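Undergrad: Protein sequence lines, in the order shown, are assigned to chains A and B. Read in order, the letters of the first sequence correspond to residues 1 to 390 in the working numbering. Read in order, the letters of the second sequence correspond to residues 1001 to 1532 in the working numbering.
In short, the hints are calculated from the structure, not lab data. Note that the structure is predicted; figures quoted are calculated from it, not measured. Please note: incorrect hints may appear among the correct ones.
[Said to hold, decoys possible] Taking lysine-lysine and the BS3-like style, the derived pairs with C-alpha atoms no more than 30 Å apart in a straight line are:
{"hint": "1", "chain 1": "B", "residue 1": "1164", "chain 2": "A", "residue 2": "309"}
{"hint": "2", "chain 1": "B", "residue 1": "1275", "chain 2": "B", "residue 2": "1228"}
{"hint": "3", "chain 1": "B", "residue 1": "1202", "chain 2": "B", "residue 2": "1169"}
{"hint": "4", "chain 1": "B", "residue 1": "1482", "chain 2": "A", "residue 2": "62"}
{"hint": "5", "chain 1": "B", "residue 1": "1275", "chain 2": "A", "residue 2": "32"}
{"hint": "6", "chain 1": "B", "residue 1": "1448", "chain 2": "B", "residue 2": "1389"}
{"hint": "7", "chain 1": "B", "residue 1": "1389", "chain 2": "B", "residue 2": "1072"}
{"hint": "8", "chain 1": "B", "residue 1": "1482", "chain 2": "A", "residue 2": "51"}
{"hint": "9", "chain 1": "B", "residue 1": "1448", "chain 2": "A", "residue 2": "32"}
{"hint": "10", "chain 1": "A", "residue 1": "309", "chain 2": "B", "residue 2": "1438"}
{"hint": "11", "chain 1": "B", "residue 1": "1005", "chain 2": "A", "residue 2": "62"}
{"hint": "12", "chain 1": "B", "residue 1": "1359", "chain 2": "B", "residue 2": "1375"}
{"hint": "13", "chain 1": "B", "residue 1": "1310", "chain 2": "B", "residue 2": "1358"}
{"hint": "14", "chain 1": "B", "residue 1": "1048", "chain 2": "A", "residue 2": "309"}
{"hint": "15", "chain 1": "A", "residue 1": "70", "chain 2": "A", "residue 2": "376"}
{"hint": "16", "chain 1": "B", "residue 1": "1107", "chain 2": "A", "residue 2": "337"}
{"hint": "17", "chain 1": "A", "residue 1": "215", "chain 2": "A", "residue 2": "32"}
{"hint": "18", "chain 1": "B", "residue 1": "1322", "chain 2": "B", "residue 2": "1389"}
{"hint": "19", "chain 1": "B", "residue 1": "1358", "chain 2": "A", "residue 2": "309"}
{"hint": "20", "chain 1": "B", "residue 1": "1310", "chain 2": "A", "residue 2": "32"}
{"hint": "21", "chain 1": "A", "residue 1": "32", "chain 2": "B", "residue 2": "1224"}
{"hint": "22", "chain 1": "A", "residue 1": "309", "chain 2": "B", "residue 2": "1072"}
{"hint": "23", "chain 1": "B", "residue 1": "1438", "chain 2": "B", "residue 2": "1448"}
{"hint": "24", "chain 1": "B", "residue 1": "1375", "chain 2": "A", "residue 2": "62"}
{"hint": "25", "chain 1": "B", "residue 1": "1004", "chain 2": "A", "residue 2": "70"}
{"hint": "26", "chain 1": "B", "residue 1": "1222", "chain 2": "A", "residue 2": "51"}
{"hint": "27", "chain 1": "A", "residue 1": "333", "chain 2": "A", "residue 2": "309"}
{"hint": "28", "chain 1": "B", "residue 1": "1431", "chain 2": "B", "residue 2": "1202"}
[Claimed, not checked] Under 10 Å between C-beta atoms, here's a sample of chain A residues computed to sit facing chain B:
{"hint": "29", "residue": "21"}
{"hint": "30", "residue": "27"}
{"hint": "31", "residue": "48"}
{"hint": "32", "residue": "52"}
{"hint": "33", "residue": "109"}
For each residue, glycine too, the CB sits at the ideal point set by N, CA and C.
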Amino acid sequence: MDLPEIRRLNLTDELFICSQCGYCSSVCPAFKELTARWESAGPRGKLLSLKDLFLGKEKITKSFAENVFKCSLCGYCKEVCQVSIDLVSFWQSVRAEVFRNNLWPSSLYDLKESVQEEHNVYNMPNEDRNIWSFEVEDIIEDRLNSDAEIGYFVGCVSSFTGRLSSIPESFVKILNHLSIDFTLLGEEEWCCGSPYLLSGAYPLAKELAEHNIKKFEQLGIKTLITTCAGCYRAWKDEYPHLGRELPFEVKHAVEYIAELVDMEKLKLKRVQDLKTTYHDPCELGRISGVFEAPRKILNQISDFIELPKIREESRCCGAGGVLKITNPELALKVGFKKIDEIESLESLGVDTIVSACPACYLNIEEVIRERDSYLKMRDITQIVAEALGL
Amino acid sequence: MIQKKQLEADLAQIFGEDRVSVDPYELAHYVRDIAELPGMTHLLFKMKPLAVVLPNSIEEISSLINYCIIHKIPIIPRGAATSGYGGAIPVTEGIIVDIRGLDRILKLDEEKLTVLVESGVVWEELLEYLEHRGFTLRSYPSSARSSTVGGWVAEGGTGIGSLKYGDVKAQVNSLEVVLPNGEVINTATGIPSLEISDNVTKYFTESEGILGIITKIELRIKLKTALKKFVTVFQSLESLYSCIMELVEQSTPYHIHFMEKDYVNFKIAVKGEEKLPKNRYISLIVYENDPDLESNVNKLNEMVDRNNGKVLNMEIAEAEWKERFYPMRIKRLGPSFVPSEVYVPLSNLKDFILELLKKFKNERLGIEGIVSSNKNAVVMTFFLDDERKQIPFLMGFYRSFEVVTTAIDFEGKVYGIGIWLAKFAEKYFGKEHLAELKTLKSRLDPHKIVNPNKMFDVSTRFGVSLNPMLTLSVPLLRIGRKFFPPSRHPIFGIILLLIIIIAIISGVFWVLSTFFNIELIDLASVLLGGEY
């Protein structure tokens, strides 16, 4: 059968290039946590199914569609692929085929309704986008939709999840502490489209991207900063493929803070008795290649301890690739393995897991709670703000 | 034959509904291994399994075998299916047992330097587990990132570290196996039901799953040692070969990997980087950091100098060491390839490679391998091809067999048996060992329950032995490929293929009538299932 999305990205050859070595299935964190590890549910099996689809031996079935979403799009499969297939793009384009055939998991149709109506993933009135800013209202009130060189994109998860409000709060405090002028869109900020992009609904994402780009363009920003790994990837890697090049650069907050440290504009003090390790969010680390900046920061402000598997080999927490939406139970199981890994190193004395992604934060925090673990979860902006006494 | 619904219900009683599938969509994923087989294979064998089950305990496997004995249903054990010999794929209708659910590391004995694992444990995970605790594996396969311990033990072979620590047999202390008669044995203490009390481990390693389902393995391990890696570069195959021979004779390397220049060039083309020099013969030499290291390294430098070679920087050596799990990178240039893997005596290695290069001078052929002992090398060949050109791709399979026969001409042997290479089983195992294996198989598995129709005399679905068919096919396919290269229009290939099929069938009938006195009319009678 015709697979136009896969053809559009020139990925049909990859179906024949796959060597079926199974390295992808062997490392896939979601596949490994399935109760029954059927070959068809692992990356190797899905590639074989796709080949059969392409050759006309099969049609896209409901069970194939379900398997396609048993994946956190962490990209570890791409990392270990023997024949260097760009599997992240691949899985996204396969999801686009599933979307085209109206076989999305039902939870994604709910999400679609929410984003289409309210422009955020929580089905909350978008006028409430600033509810996170209660403590920093006086800092941001004059900056909403003002002209500035720095634009801050908060993202849905931090904006609408009460216990994460301290992430954008912390970042705003850091910028304010350094007297850096910045702007935000407030209720004009729309979902970045990441859930659509991760689910293959490119045309829907394009509409959101165009709105967000236009708004920031009108404010004349030169740099867009976000504290969310998912938004970062959407802006940095995906938006340019949706129509036009961005007229400004995109940075994650950790990159920006690390630059300020390098330029000696920001001096970080050590936080006493803080033993951290860093969880590389897949979208920021393995997929976007941002590894050094968070480590530089954490080394300065804490006793920083590396896990055995880091950077490209870091273990996914299970939150990504809309897995938390389509299969929350599986996402949690993947997360348990992350905590197992850290708890098994108790002798190293890590007490705090730090990350730079609100979605990872939420999933790991939930796992810690479920497990009644001694570990604590923090975002890197929270720790930097603490180190600055803010 | 038991009804499909009844079978599903019965299996669900053993495994629970979640771990049994009779869904054709699912089953289709289990009729292949790493090899890309021509579609015609499905005409030769009944490859569609009846069911797939995912056991996670030995009790479940025992129950399954007892059930299959009663109903006379074949069982096909399967690991990660990372071998290409067909040992893990069904050639008779049966139940596939995917052992990857048996994935626990059970016991590390730091005193005796052993580790007991279930057979579905992935080699790399075991390696990480051991290294984290200050130990390591003595040797492991190049497919370690996905292959299972049980899979490699059953398949047999050599890998990283084998040069110093021996092949897979040398790693195994004992196995727990569920036999085809339902008995569970520890191979170290024999087979009680056959009144054998000797250690029978050697029969079960490399047996490709025909003697039972391996459920536990006790492996010999060692203390973790730092490794020192070197990448050496030579201008000619002769220099590379001389250096390897001298190294093996005069030092004690842990691992040697070598690459013929075209393979190097393919690899550079795929990676898009120039860290390795083009048009050079390259080897990765690894030593353990033991008291002999300094002397070993000095000898290495001397031998490389003497053979006009060069040692590249450490960064490249580390990168090549990481590449030890990636022999198939060059497939990207295919997009398919026809692979082959053989043992060749080290003394004939150079001449064997030269012969292959001569025979296949117009082919896109990549050759690499490892020195597997101080006497042998394992050579892998990859003929880059395109499976989308189905007929020339099918015909191109003759090259895989021709690599094997060339290796045998050079006193080598096949690397595995599986479905395709049964005619070489005697050469592989030795006459005596093969005879013992056959006896054990017939005594343990009179009803041909476990992985039947493999390794000895493989029969097609028509009851005709595969061996004479392959013997006849190879020269015909060679001719076919010559007259029908991938560049020709498919219609030529279809006509040629029909001629080949008619020729093969005629040949088989001729053999049957000439040597076995079976006339066409008798055969028709048998095939039609009644009086003629």
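Undergrad: Hint by hint, say whether it matches the structure.
TA: Taking the hints in turn, this is what the structure says about them:
1. B:1164 - A:309: holds (29 Å)
2. B:1275 - B:1228: At roughly 19 Å apart (the allowed maximum being 30 Å), residue 1228 (chain B) and residue 1275 (chain B) satisfy the hint.
3. B:1202 - B:1169: holds (7 Å)
4. B:1482 - A:62: Violated - the C-alpha atoms of residue 62 (chain A) and residue 1482 (chain B) are around 45 Å apart, more than 30 Å.
5. B:1275 - A:32: violated (35 Å)
6. B:1448 - B:1389: violated (38 Å)
7. B:1389 - B:1072: violated (40 Å)
8. B:1482 - A:51: holds (29 Å)
9. B:1448 - A:32: At roughly 33 Å apart (the allowed maximum being 30 Å), residue 32 (chain A) and residue 1448 (chain B) break the hint.
10. A:309 - B:1438: violated (46 Å)
11. B:1005 - A:62: Satisfied, since the Cα-Cα distance of roughly 22 Å is no more than 30 Å.
12. B:1359 - B:1375: holds (25 Å)
13. B:1310 - B:1358: The hint holds at about 27 Å.
14. B:1048 - A:309: With Cα atoms ~40 Å apart, residue 1048 (chain B) and residue 309 (chain A) exceed 30 Å; violated.
15. A:70 - A:376: holds (28 Å)
16. B:1107 - A:337: holds (21 Å)
17. A:215 - A:32: Between residue 215 (chain A) and residue 32 (chain A) the Cα gap is close to 42 Å, so the pair fails against 30 Å, i.e. violated.
18. B:1322 - B:1389: violated (34 Å)
19. B:1358 - A:309: violated (46 Å)
20. B:1310 - A:32: violated (44 Å)
21. A:32 - B:1224: Status holds; Cα separation ~28 Å.
22. A:309 - B:1072: Status violated; Cα separation ~47 Å.
23. B:1438 - B:1448: Measuring from Cα to Cα gives roughly 12 Å; hence the hint holds.
24. B:1375 - A:62: Outside the cut-off at roughly 54 Å; violated.
25. B:1004 - A:70: Since the Cα atoms of residue 1004 (chain B) and residue 70 (chain A) sit roughly 29 Å apart, the hinted pair holds (cutoff 30 Å).
26. B:1222 - A:51: Violated: residue 1222 (chain B) and residue 51 (chain A) sit about 43 Å apart, past 30 Å.
27. A:333 - A:309: Given pair residue 333 (chain A), residue 309 (chain A) holds - Cα atoms ~18 Å apart, limit 30 Å.
28. B:1431 - B:1202: Cα-Cα ~15 Å, so holds.
29. 21: holds (6 Å)
30. 27: holds (7 Å)
31. 48: holds (6 Å)
32. 52: holds (7 Å)
33. 109: violated (24 Å)
Violated hints, listed in ascending order, are 4, 5, 6, 7, 9, 10, 14, 17, 18, 19, 20, 22, 24, 26, 33; each of the other numbered hints is respected by the structure.
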